[in-house]
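Based on the sequences and whatever the hints tell you, model everything.
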Amino acid sequence: MTRRHGDKSSRASASSRPPGAPITLLTDFGTADYFVAAVKGVILSARPAVVIVDITHEIPPQDVEAAAFTLLCAYQSFPAGTINLAVVDPGVGSARRALLIEAGARFFVGPDNGIFSFVCEREESPGLTWKAFQLTNTKYFRWPTSATFHGRDVFAPVAAALAQGVTATELGTAITGIVRLPSLEPLVSRGDKITGRVLHIDRFGNCVTNLTADVLTADLIAGGVKLKIRRRLISSFRSHFAEETVSGGQLFAVWGSAGFLEIAVKNGSAAKVLHAKRGDQVWVLKG
Amino acid sequence: MTRRHGDKSSRASASSRPPGAPITLLTDFGTADYFVAAVKGVILSARPAVVIVDITHEIPPQDVEAAAFTLLCAYQSFPAGTINLAVVDPGVGSARRALLIEAGARFFVGPDNGIFSFVCEREESPGLTWKAFQLTNTKYFRWPTSATFHGRDVFAPVAAALAQGVTATELGTAITGIVRLPSLEPLVSRGDKITGRVLHIDRFGNCVTNLTADVLTADLIAGGVKLKIRRRLISSFRSHFAEETVSGGQLFAVWGSAGFLEIAVKNGSAAKVLHAKRGDQVWVLKG
Amino acid sequence: MTRRHGDKSSRASASSRPPGAPITLLTDFGTADYFVAAVKGVILSARPAVVIVDITHEIPPQDVEAAAFTLLCAYQSFPAGTINLAVVDPGVGSARRALLIEAGARFFVGPDNGIFSFVCEREESPGLTWKAFQLTNTKYFRWPTSATFHGRDVFAPVAAALAQGVTATELGTAITGIVRLPSLEPLVSRGDKITGRVLHIDRFGNCVTNLTADVLTADLIAGGVKLKIRRRLISSFRSHFAEETVSGGQLFAVWGSAGFLEIAVKNGSAAKVLHAKRGDQVWVLKG
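If you read the sequences in order, they're chains Y, P and C. Count the first sequence with my numbering and you get residues 1 to 287, in order. Count the second sequence with my numbering and you get residues 288 to 574, in order. Count the third sequence with my numbering and you get residues 575 to 861, in order.
Keep in mind that the hints were calculated from the coordinates and are not lab data. Treat the hints with care, since some could be wrong.
[Claimed, not checked] If the Cβ cut is set under 8 Å, some of the chain Y residues that face chain P in the computed set are:
id: 1; residue: G20
id: 2; residue: T24
id: 3; residue: V53
id: 4; residue: I55
id: 5; residue: T56
id: 6; residue: T70
id: 7; residue: G172
id: 8; residue: T176
id: 9; residue: G177
id: 10; residue: R203
id: 11; residue: F204
id: 12; residue: N267
Even for Gly, the Cβ is constructed at its ideal location relative to N, Cα and C.
Shown next, in the form of structure tokens:
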């Protein structure tokens, strides 16, 4: 999957940030309260011309894993130099660290709770690397800094400072370990037994698994592999959701737009048919 | 209704696209997943300074008619040269065509499934015209082009190319017929019997019909016309929602902001009172 | 609370509006219909380069008090010169006045129904002032002006005109009294008995009260004050939501990011625990 590793242009150094790259926002703030607006106001007060793009604010409250997955799927579509602000932050005000990460020619700003875990996992593939900094320079924070809203008071002003050309080493201190979530990789046991899991269920009810074409190869599929999930067997691999030969209600597998295998139903919700939820295991049974 | 036909300024040729016109987005992607962000990222990667405006991403999944109606109501508020990206695309990956339409001095990009039907119907009023192109030049697509996400991989890069000045004939091939939905027009039978239908139910529960002032004239209303919908008779025509002489709970008709007659209840939901849904018939009974 | 009164930079005169300040939108339109897009289209038709920021469109239909509160919490994060368009307008089309307010170096445009009440209350603190104008110059309205959608036809074009440099006195006529909601201030009776109320319940279930540090002073809290709400006593005052010493399910009070005391539960919804709703009284019981 070339998509898993990004395009070459994104390999440029993040340090030479192109002017005009946007700032993205990813939070669990919802869109009914004033929280998102406050973050944008702080950024625009410092950088009136910067383009701000919402990835989503509908992450379920405090669901760090959902945020990490959504960020993983979105960040490579944005240009090099993009600053990604991701705030799902159940530990706000506690001792959890505030982070800046440089990875894949982009910047990532948010709490150290695993939210950047999947991006870092992708960006440590052979030949790639990433760097982490703890945001320690309070000079760049909003003052007074509340204990409850670091999105507005820490991460937004730091993102604006980055957009202004302030460097990572001015903003904080290089660190090595960051909080990591369980790996994205499927389990491959001796005997090549592959066990995946459901990473995400999307708006259409498609079940996005962590199976990629690196593991579930075209050869394996051609050899007649089956998937097992929640006691159901799936043997149909299709090229798109609307395929004419798929009958209504039939479960099938399809390579999704984020590079992961998805389990779907034509014009329906596979998650409902399967009563599936995130974390459900998916076994690959060889033909 | 002058509003039905747009202002004169919008009659300029779409070919001479003014710089700075925005790109609008209309989808059924929802705002919880990474889909909308991916579309925006692709556009901003090619055109960092373009203004992107969300019309909505809350179209019910795969509801092409709702998308067509919403686009109809929105597009004339935007400046000439605006590029409207509309993706409600149950047939993604199948043989359905990808379209570019030039109409009303604006551009429209999306699947050929009826989503541009109502805009084209309005723009073929006497003296107006529109042109359709099938997007065949894969050079302008994102590569690799997924089979499941043409919003990101086909329509977004084409919209960015349009914003960059690429012409319709470079992007594709002129075609004549496109997929059309049932007409917006009310039925007018011999004897001038008028039968309309509910096109849309809005957030406030107002029932937007397809009756316009061209058909349901001021003379007819002055003559004491009644409306019949779901066994209820409505004889009250009002000028606005808050009219002082309307009592709570009373159904009344009012000319809505999109040029269509709406059925409403003061401080309440007409749709709930009537148990109305899209497609319900509305009979015009003369006095 | 310094945050209650804004930073010094925001005290500059609104008349000398800095170029590039954004226009914010706050409505009860929802995001599923074409309404928000129509407002943006009208603004961008007049001012193609202006930055438009959504505060929220999820105000409950016709809930002026919720809109007033959300605007209060958001406006000081935006730069001086920001134009705030706020449209929750149950009286649209009736005799209610259309307003422009200059306050706190920002502009506010919307109906005269109390929506700017809390901003004005804050901006009449000692040394501050605000000015109100009735929008009477129909030359700046969209034509034809519908009776049902002043967001698009009155307030959007007026906001665009303001962004273009048109002055308040060109747009309307200075007035003195505007519609006011009940004050934000807690009741302080003889004997210093303090009674507050719940102003807002946020996405996380935190109950935002109208108690501020001006009234509920650090000395009082140090003296062992308790809060009583819906027959429950709260004696725990904390510095942030994730505090390690708070056990799950325990109600506690914390200074929220908008400068108000909030009642919260660690990793849960205080509103659910308390069955609380906006308007509920909060008694301060001294130790």
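So which of those numbered hints doesn't the model satisfy?
7, 8, 9
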